[in-house]
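Asks: Line by line, the protein sequences are chains A and B.
Sequential numbering of the first sequence, starting at 1, is according to UniProt numbering.
Sequential numbering of the second sequence, starting at 1, is according to UniProt numbering.
Read the hints as simulated data drawn from the structure, not as lab findings.
Every residue gets a Cβ at the ideal spot worked out from N, C-alpha and C, and that includes glycine.
Please note that the accuracy of each hint is not assured.
Using 27 angstroms as the maximum straight-line C-alpha spacing, the simulated DSS-like pairs for lysine-lysine come out as follows [as the list claims (entries may be wrong)]:
#, chain 1, residue 1, chain 2, residue 2
1, A, Lys104, B, Lys667
2, A, Lys94, B, Lys579
3, B, Lys579, B, Lys86
Chain A regions said to be covered by chain B (calculated; three or more residues, Cβ under 8 angstroms) [what the hints assert, rightly or not]:
#, segment
4, 650-658
5, 751-759
6, 762-775
There are 2 protein chains.
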Amino acid sequence: MGEREEVQNNNDIEIGVERRGPSSSSSSRSASPESRRITSSSLKEPLLLPHDAKRTNQTSQLAIIGANVCPIESLDYEIIENDLFKQDWRSRTKNKILQYVFFKWTLVLIIGLGTGFVAFFNNLAVENIAGFKLLFTNSLMLKDKYFQAFAAYAGCNMVLAIAAAGLCAYISPAAAGSGIPEVKAYLNGIDAHSILAPSTLFVKIFGSIFGVAAGFVVGKEGPMVHTGACIASLLGQGGSRKYGLTWKWLRYFKNDLDRRDLITCGAAAGVAAAFRAPVGGVLFALEEIASWWRSALLWRTFFTTAVVAVVLRTFIVFCRGGQCGLFGEGGLIMFDVNSVNPTYRIADLLAVIVLGMIGGIFGSLYNYLVDKVLRAYSIINERGPVFKILLAIIISVLTSCCSYGLPWLSKCIPCPASLGDQCPTVGRYGNFKRFQCPPNHYNDLASLFMTTNDDAIRNLFSSGFDKEFQLSTLIVFFAAIYCLGIITYGIAVPSGLFIPVILAGASYGRLVGTLLGSLSDLDVGFFALLGAASFLGGTMRMTVSLCVILLELTNSLLMLPLVMLVLLISKTVADCFNKGVYDQIVEMKGFPFLEAHAEPYMRNLTASDVVSGPLVTFSGVEKVANILYALKSTKHNGFPVIDEPPFSDAPQLCGLVLRSHLLVLLKGKKFTKQRKAIGSNMLRTFNAQDFDKAGSGKGVKLEDLDIKEEELEMYVDLHPIVNTSPYAVVETMSLAKAAVLFRQLGLRHMLVTPKMPGRPPVVGILTRHDFMSEHVLGLYPQFQPKK
Amino acid sequence: MGEREEVQNNNDIEIGVERRGPSSSSSSRSASPESRRITSSSLKEPLLLPHDAKRTNQTSQLAIIGANVCPIESLDYEIIENDLFKQDWRSRTKNKILQYVFFKWTLVLIIGLGTGFVAFFNNLAVENIAGFKLLFTNSLMLKDKYFQAFAAYAGCNMVLAIAAAGLCAYISPAAAGSGIPEVKAYLNGIDAHSILAPSTLFVKIFGSIFGVAAGFVVGKEGPMVHTGACIASLLGQGGSRKYGLTWKWLRYFKNDLDRRDLITCGAAAGVAAAFRAPVGGVLFALEEIASWWRSALLWRTFFTTAVVAVVLRTFIVFCRGGQCGLFGEGGLIMFDVNSVNPTYRIADLLAVIVLGMIGGIFGSLYNYLVDKVLRAYSIINERGPVFKILLAIIISVLTSCCSYGLPWLSKCIPCPASLGDQCPTVGRYGNFKRFQCPPNHYNDLASLFMTTNDDAIRNLFSSGFDKEFQLSTLIVFFAAIYCLGIITYGIAVPSGLFIPVILAGASYGRLVGTLLGSLSDLDVGFFALLGAASFLGGTMRMTVSLCVILLELTNSLLMLPLVMLVLLISKTVADCFNKGVYDQIVEMKGFPFLEAHAEPYMRNLTASDVVSGPLVTFSGVEKVANILYALKSTKHNGFPVIDEPPFSDAPQLCGLVLRSHLLVLLKGKKFTKQRKAIGSNMLRTFNAQDFDKAGSGKGVKLEDLDIKEEELEMYVDLHPIVNTSPYAVVETMSLAKAAVLFRQLGLRHMLVTPKMPGRPPVVGILTRHDFMSEHVLGLYPQFQPKK
């Protein structure tokens with residue numbers, strides 16, 4: 001509860017949604033917006049009505065689901081054209097612009113280098129920790145000390161699990177989970193402060209290492225994306241003052257637009273590093289993560305991922321010398337299925353269609369169950385860090401029991417004679433684990449369970465031995481991984497979804513391939529790949545990027561048409577049931593995500609229908625007390641400024657002023673006793689950099705202001721910081737059309753102007769929240785889709 | 001000259017640019033826009049001032065360069081929210097929406113099937129025609145009839161060249177050239193009517209076959225993209241009435257937005273078909289061709305290219321049976337460089353950097369020369385079809401002389417003993433052409449020249465024989481192809497740029513590889529690939545899509561990092577000198593292309609600075625004569641409608657009405673004697689489909705109207721067709737910010753509203769033309785970049 005209270009005290013930050021003010025459906029429909037318009041000069045009573053408190057509670061509730069309580073702020077991609085900006089623009093020399101371009105490329109380079117290095121470090125650590133654990137367990141088993149082996153195995157797992165969950169629970173709760181939904185939300189314009197913080201970066205790196213090494217059915221791919229984004233954010237915000245990492249020249253990127261570009265690059269670098277798929281990384285960022293894209297970004301992300309590829313290659317070549325401990329061929333997944341036969345028959349096509357449909361059905365079911373489990377877990381996780389750790393321990397023990405216990409159910413299989421020394425293996429690698437079997441026999445289920453997830457995938461994709469795995473083995477493995485994957489996502493450990501999904505998909509794919517037997521010329525390893533593709537398509541609902549990632553992973557282009565087909569089918573089937581898993585998590589976490597397209601019912605509403613008051617406006621030259629009062633009593637982040645006589649002949653819209661700019665202005669204390677415009681004077685005092693957007697959670701806060709009693713009655717000229725050309729729509733514009741404008745331009749505030757002349761020049765402000773389905777359907781339940 | 005006059009008579013179509021009216025720099029800056037505002041009711045004199053005529057001439061001049069005189073119209077991606085649309089929207093049932101989705105997917109499927117089929121047909125025809133030509137020449141050479149062989153070779157080439165140029169010159173001049181710039185312009189919102197017409201499709205298919213078979217240094221890739229787009233356009237416009245191809249259910253796609261989606265799919269299908277690169281096709285459409293992109297489109301284009309891949313595969317399997325004449329392994333380029341050694345040393349990296357820089361320099365020089373040659377040719381081509389054909393004949397003879405003559409300069413090389421029967425070859429295939437050589441010798445230059453372009457590329461990429469080509473051979477071949485490529489593009493033949501660029505790049509790449517010799521472990525064939533990548537990067541300036549296309553072409557993923565590196569370097573180097581070749585052609589053809597980003601100097605101007613009058617507005621209920629007069633005397637496509645008393649208390653902006661809608665309304669003749677609003681009555685007479693956007697160049701024309709004398713004095717209620725919520729900006733908004741809105745939303749008209757209340761509600765309209773650099777810098781020469 002401590003966290004929730006902290007949020008409520010934090011006055012200058014919105015919670016969950018940007019919109020505030022009373023907006024119960026009855027009031028906003030009964031009264032036209034401007035009838036409730038209150039100008040600041042007439043303010044006597046606090047603006048926060050009971051409704052407002054209720055709303056705040058509601059939304060913080062939303063934010064809590066998913067175990068991430070963090071203040072959420074909208075990002076603003078609009079260029080704030082105020083006088084200071086214009087002055088600054090005119091002073092920009094060619095040199096400065098070149099510097100800017102140079103620094104941006106340098107940053108992108110550093111992001112690539114950093115992400116590549118972290119990815120390598122992650123793999124190195126995981127391979128060594130997990131490798132040691134498995135070798136130790138194996139050595140005990142060789143001595144027939146089966147119980148001790150289990151104790152050692154489960155014990156190691158538990159310690160690692162506690163370490164991972166402890167980091168997440170105590171240092172950075174935001175680091176739990178995949179991170180892709182959060183990065184996706186950020187790139188949609190939703191800044192949940194702790195999401196990209198340095199502490200999150202730290203926990204994500206080490207939590208992911210411990211979590212994966214602990215044998216959980218989780219991947220390091222999602223966390224890698226999050227890590228890349230965190231690195232980019234750290235650099236884009238000019239480092240972290242708290243941790244003593246600052247660079248002066250980074251001030252060039254103090255705006256949300258540049259940061260968005262950098263974080264997109266970071267996310268792409270993360271995917272590229274996780275899968276060693278540079279092209280796939282770019283496409284993943286484009287298809288799934290980014291909400292806005294432009295051609296220049298394509299080039300930049302491509303450069304970043306190329307850097308990542310080079311870094312990883314360098315390290316791998318370095319490790320070939322044997323200096324990296326247990327990090328051998330196993331690190332950095334790459335599954336060669338080169339040996340497949342590139343001809344296929346009708347039976348293969350039918351199998352592909354069946355696989356696609358299975359993938360679609362299992363995928364949507366998976367999403368449904370993940371959602372349910374997440375909601376259940378969030379209740380447990382909310383109770384505090386200890387409960388988070390306990391939950392992680394329970395899942396860890398369960399996973400250990402499955403991994404160690406289930407292989408005992410499997411029959412020992414005699415080794416194929418042709419393999420010689422390769423079967424059975426007792427070390428870390430190889431497809432033929434001896435486990436409890438007599439000499440010259442192997443346990444096929446242990447080959448999948450008692451290894452790292454990466455090696456298990458490699459075993460499933462392996463070609464050449466069609467009968468390597470028994471049907472029962474594949475069924476048991478699929479069922480176990482499917483269930484473990486569902487119950488593992490949601491515990492307080494950085495956990496990617498890719499690996500569980502690939503594992504489960506590959507196992508049923510190989511099952512189908514084995515069943516087809518001689519009906520098909522294709523290798524069973526290739527069916528495992530198709531199965532993985534189908535399940536990925538069914539859960540994540542991507543097409544091109546998954547296709548490219550799988551191609552890069554498996555180094556095989558010959559089967560491209562079949563992979564495309566299976567992805568298209570599984571996505572189509574799964575889309576009939578529910579959303580993609582990342583979209584679902586974004587929704588569940590209460591992020592006000594702006595969809596690319598407006599809902600159909602929004603065509604039946606106008607912009608003014610959803611505007612909710614009261615509107616707080618300022619005069620061009622406003623009394624300090626009024627501003628302070630408005631800042632304290634509302635959570636608004638933008639205030640329309642209206643020039644009135646004597647500054648203009650009639651009331652006229654001067655523009656929009658931002659809360660953050662007002663705070664800087666008030667801190668500068670350029671007040672006057674008389675009510676007069678002193679704009680040009682102020683342009684000399686301030687410069688545009690003072691008003692640069694600070695990093696998430698930084699910047700001047702209301703508490704930082706120290707306004708004296710006598711200053712309250714003085715005036716301050718807002719003109720220099722007023723954005724004189726905010727984007728505006730007429731009140732009769734349909735909500736759908738307004739949403740297109742809002743979404744395409746990535747706005748934070750959009751003014752609504754009256755249709756008829758002679759009325760006040762602004763009738764309301766639309767923010768992100770006003771376009772959310774929950775808000776609109778709350779006001780107009782008649783548009784609720786019928787079930 | 002006939003064509004130019006036709007354009008001038010064509011009153012309801014804009015030429016070259018959308019904006020008209022006097023806009024000489026002095027007048028528009030001295031008088032504020034609204035001082036020249038003329039409402040239609042006050043119109044007595046024609047609006048076309050001398051300035052206007054001048055402007056028209058200027059712009060048609062622009063359009064003529066590039067030998068494409070065609071009327072240009074802007075596309076409009078805004079949803080026109082008028083009463084009819086709203087009525088229609090409310091009546092939309094779920095069934096209708098499902099139907100719409102189903103039809104859209106069906107269309108996309110048909111586009112894929114059609115493009116795949118055309119691509120196959122194209123390859124089949126080229127392989128057979130060119131194969132027959134080469135076999136015949138060879139058979140004469142075997143009999144030592146060298147002169148007759150040349151005559152036969154050059155004669156075949158000339159006949160084919162005349163056929164290709166004749167089709168282009170007489171049937172569809174728009175089919176000449178690559179077509180990619182035109183498709184790119186269309187997807188940017190520029191509709192040059194003949195560009196996607198059925199006749200263009202026909203000429204593009206057959207002209208490309210003849211042109212490629214004629215031995216020109218041209219590819220079929222660009223034309224393939226254009227073909228795909230034409231097929232999509234034909235389907236998206238509901239077929240062609242002229243050619244009796246119409247489908248009733250296609251009326252669902254009568255808007256620019258849906259057509260844009262379809263044509264993007266068509267273009268992607270074209271690339272996919274040309275290179276057999278389904279993923280590359282999607283990325284090419286995304287990176288180079290499309291101006292707007294969204295996630296749903298990614299999926300749809302991916303589906304189309306998957307269909308193309310399946311169709312092509314089916315045909316190729318069918319042809320393996322030998323039913324396709326000379327179409328054997330040669331058709332549909334696909335170059336396997338699988339055998340390369342995937343380890344590289346420092347020397348290789350240096351070579352890659354050098355290759356990238358060479359590619360950048362040669363590439364930008366290539367673009368510069370292509371531009372010069374195109375401008376020179378356009379003067380010749382303008383003189384008429386006969387001159388076009390003559391030019392093609394001259395280039396054809398020159399090409400034949402080079403192809404047949406240059407190999408005589410090369411020494412005969414003894415065949416490597418290891419090859420046995422494979423050397424020398426006399427048929428179509430093989431790397432070791434005998435040409436004039438004695439038995440057991442081959443002519444390496446003839447192996448490149450006396451073959452199809454596809455086979456020449458395959459020979460350059462071939463691995464295994466490092467010394468196959470002499471250095472002098474590669475130098476001569478590079479020089480010849482580089483020059484021929486430059487002088488060939490621009491003749492009246494469908495001509496892609498990919499193949500010449502790949503040929504030239506591969507030859508200098510192989511040269512570098514041969515020079516490196518034992519310093520490198522890499523195969524010379526792989527250096528040829530890197531060279532091709534560098535030259536492609538240097539001319540076309542793409543990164544991701546070229547990378548993927550090259551990977552798919554060569555079926556090799558192992559060298560991905562090197563290919564990425566070379567592309568990044570060559571693009572960076574070339575970008576220092578000039579634009580990409582397609583952008584350059586778009587600019588040269590005078591298309592008003594909207595760049596993704598506003599120019600920096602636009603920040604110093606406001607929206608009102610570039611608005612040029614006179615503004616023609618209508619009243620909500622307007623006299624027929626006034627409307628007719630405005631339609632006749634201006635070329636405006638959108639007119640603001642202003643409600644005045646008695647329809648409102650004060651003058652108030654009602655919205656924007658489109659020329660095309662006015663024409664339909666006038667044709668419907670729902671006029672009244674009195675000046676009164678009869679909106680609801682009209683809603684019953686018309687339905688939204690009547691106002692659907694017709695295909696390019698179709699729809700009601702001014703000449704189609706038959707308004708009687710007495711009807712001129714009657715009134716017509718415009719309210720039902722007025723878009724009541726056009727996007728608008730305030731006049732003080734910077735031009736850059738307005739440009740972002742205009743570009744992001746794909747608008748055709750944007751209203752400019754006054755800052756101060758009490759003035760007329762609209763001060764001007766911004767159209768595409770107002771954001772063009774030429775226009776803005778014409779008004780404000782002080783912002784001209786210093787040289």
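Asks: State for each hint whether it applies.
Replies: Structure-based check of each hint:
| no. | hint | in the structure |
| --- | --- | --- |
| 1 | A/Lys104 <-> B/Lys667 | violated, 57 angstroms |
| 2 | A/Lys94 <-> B/Lys579 | holds, 20 angstroms |
| 3 | B/Lys579 <-> B/Lys86 | violated, 44 angstroms |
| 4 | 650-658 | holds (count 4) |
| 5 | 751-759 | holds (count 4) |
| 6 | 762-775 | violated (count 0) |
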